[in-house]
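The residues making up each chain are set out below.
Number of protein chains: 2
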Amino acid sequence: MTTTSDPVRSRRRKAREPQVQAAPSATAFTLTNPFPRMEVFSADEVASLHNASLRVLEELGIRILLQEARDRFRDAGAIVDEESLMVRIGREIIEEALSIAPPGFTFHSHTDGHDMPVGGRSLMFGAGAGCPNITDLERGRRPGSMADFCEGMKLIDSFPMIPKLTAVVEPQDIPIAIRHLHTTRAQLSLSDKMPFAYARGQGQVLDCFEMVRIGMGLSEEEFRQKPCLHTVINTNSPRQIDIPMAQGLIDFAEWGQVAVVTPFCLSGAMAPITIAGALTLSHAEALAGITLTQLVRPGTPVVYGAFSSNVDMRSGAPVFGTPEHMRTNFGAGQLARHVGLPWRSAAGTAANTADAQATYENQLALWGCLLGGANMIFHSAGWLEGGLTFSMEKFVTDHEVLQVVAAAMQPVSADLGEIAFDAIAEVEPGGHFFAAAHTMERYRTAFYETQVSDWSNFGQWTEAGGKTATERAHEIWKQALSEWQPPARDPAVLEALDAYVAKRTEEGGASPVD
Amino acid sequence: MTTTSDPVRSRRRKAREPQVQAAPSATAFTLTNPFPRMEVFSADEVASLHNASLRVLEELGIRILLQEARDRFRDAGAIVDEESLMVRIGREIIEEALSIAPPGFTFHSHTDGHDMPVGGRSLMFGAGAGCPNITDLERGRRPGSMADFCEGMKLIDSFPMIPKLTAVVEPQDIPIAIRHLHTTRAQLSLSDKMPFAYARGQGQVLDCFEMVRIGMGLSEEEFRQKPCLHTVINTNSPRQIDIPMAQGLIDFAEWGQVAVVTPFCLSGAMAPITIAGALTLSHAEALAGITLTQLVRPGTPVVYGAFSSNVDMRSGAPVFGTPEHMRTNFGAGQLARHVGLPWRSAAGTAANTADAQATYENQLALWGCLLGGANMIFHSAGWLEGGLTFSMEKFVTDHEVLQVVAAAMQPVSADLGEIAFDAIAEVEPGGHFFAAAHTMERYRTAFYETQVSDWSNFGQWTEAGGKTATERAHEIWKQALSEWQPPARDPAVLEALDAYVAKRTEEGGASPVD
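Read top to bottom, the protein sequences are chains A and B.
All residue numbers in the first sequence are consecutive under the working numbering, ending with 514.
All residue numbers in the second sequence are consecutive under the working numbering, ending with 1514.
One chain only, chain A, in its complex shape (with noise of 0.2 Å):
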């Protein structure tokens, strides 16, 4: 986010002079998360999961579709069957792997001052990703296109809480082989926060890390040292990885970027039913491929992602923001300690509209991933209906959510002007502090300052329109994208990056591996 992409914000600190900011001694960039862990497991019962995950990788195994994948897995002392596919990791292998593979990173920015530390109690959010559909107030829901990926990636930039760009739906009017080219021209042209990279096949991964190397006017040396650019890796729960997704670990580890290994595994279907099987299996699967990566490069950059939730056992729909997946977030976060790595999580909702359902679902879910202690919390605005729909307006009031969060995880101060004795002792018994000297000093940057809630009496909200928040919301981000400006771009990079595509584009592009 640069300041003058940021219309919402810097419109209103022109018209309020002095504008009251959120959190102001923090920025996505650099959140840390100050909340006390929640731990459902004792130290014993976390070691009892991990040795349970173990022998899973062990005894059982994993099934490997990628050849090279399994090679990889071969000279590193694991067990292969090449007719059933199936990997036995002996956990000697992931042991070293855990120990060689790096507690943080830093993701770098071409930007000064959004480098990105990971690991520890830093905290990212991210954006609802993934979606086939879009919706708003207006133009309703319908499948994503191209031009409702720009505007995802037109609002991404103009909300400072979303430090990191994302696949908020999919264009459907581009053509597959090509669409990662539009779409990773899209992002390094519309904004400077961090890209994102679909691991759909070699072919595809080697045209993003080449675009996002020209965009961001790296060698091609520098791109290898400097992780810029992250994908996320879903498995084939349970116990299997196909071949773009071990691809994609390779590539992403050969390049030292960053994979983020993320098992979706809910309990119930494609996981135990229990939160701690569904945690043993996706340990499992996170810790096989984390491992590959450390085999490809050891010591590259790698991130532990849990995703685990559980299905609606009536219509087997995946659900977040329950019971069950606030406590796995919890448990998974004990396990991501336990190995020593950052780890990622997510929020959500599986509600059709952005509702009260909508609205609760994904906070409740967003405090399982708080107090779990997860360092990257994707999903965090914007997604209705389990990732089936990226809602504009539903982003809008679940970043107003991660402002207040974010504002609500900055100190307190308790030294003796805070603690205002002398101001208590100037107001009289029964009287107000709106006059006292004490208040005139700090009232233009003591609150936090709303975006979204309507905080008039009803007398005044309803001579006003009687707006809810979602109308106001629609409101925001129609402003926010009219006011949008792109950030500053070398014309030659842009012209490179479209020489690129026209080149990529004229030798067919690079089809989906399956």
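Calculated directly from the structure, the hints in this document are not laboratory data.
Beta carbons: idealized from backbone N, C-alpha and C, even for Gly.
Incorrect hints may appear among the rest.
Unchecked claim - Chain A regions said to be covered by chain B (calculated; three or more residues, Cβ under 8 Å):
1. 321 to 334
2. 346 to 356
3. 438 to 446
Using the hints provided, position chain B relative to the given structure of chain A.
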């Protein structure tokens, strides 16, 4: 709550046996909060805030409008100025009171198993209270009536997470001198849950005591020994306790009933604009009120209340679920634990309608209280407009959040059966667990079952009318009220209550005291 008075759950239980229960091992009567506590102050800073509060009471004093209360403080050694009505309370008086006030106690219930411990990690939710207006989707926003008050009692009675009654709305169609008789009669006849009384002068309070004693079938001596009724004492911040509040502190203490001493210190209005300053003032006022209860009856149960938030500096309106509100609760919890008393806080929202803002602010505020370790979280379901309106639909959606939180607080087992190694072995890679023996044994009770959330897919949801959560909540409360059954009551008790109401009405009731 009795089984028969829980129509929504019992109906669903019948329809879909076997029913999944929310938080099977906990009821709202015995909830404990396992979340780690968020601390914003060091131990030294807590001591420094506490000391500043003692200085406020000792050096500046507090204005107490009731003669009897001033006399009691003077008898204990405080310095009283009868002209200014200021009472300066030495720290030794406060410290003596804190040393004898109990760290916890148990609310007595006349329903088996519904006694409620308060203190330590106990947790109790209260519904939105004290609203002049009530609203619902059908009838709109209107001043509260006695019929609305009774609906509120039936509503609370029907929903399991709220173990106590509360004056959800002010019945303005009942003359104020006899209103307390009718609200107390309604509470005692419509629910087994713990009643509440306002402290609006001794006449009303003694009426309520007598009616509760009759309604709960207690002798006067038993009533004095068993806390079974509570009130909220709001100081008139800053540094003032008015006549009905001071009288309420004395009367509730005298009779062994529970005063929840709650300064409502809004930063920037009735309190300093800083969190530390507002807490210093709030803490001082709470300590003054608590001390009075202990002077009246050493060892009587009492609750430390803190309900500080901030005001919107543009409108002056109190706001909730803000970063300041949350952080104030983190700090208030530290102060409550410093003095070793059970403590009460509150959620809430300033939203004008049951929209996304109402939903997210209430939950943000709730997490401030939960991580602050509050034992009683009032206004946690149904409040709108900072307490000016009670929303029937918002009560239901907020209650859903309480149910999820209560279930998320339950322990997670990591025994071998839960870890499910054998189930993982049973399901082939890429397969699913729907039919696994491990799943079949557990699916009926494995997951929380929602009351409000709709987890069907977009097509099914649209076909079913595309209802929002708030629209579903409307149906849910209407059904609950239509199926509500009165609790079992000895007709003689009801007759005695009626006779008491008739007699006191004939005598003119008791006007509230200013």
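>> Let me make sure I understand: some of the numbered hints might not hold for this structure. Which ones are they, in numerical order?
In response: none
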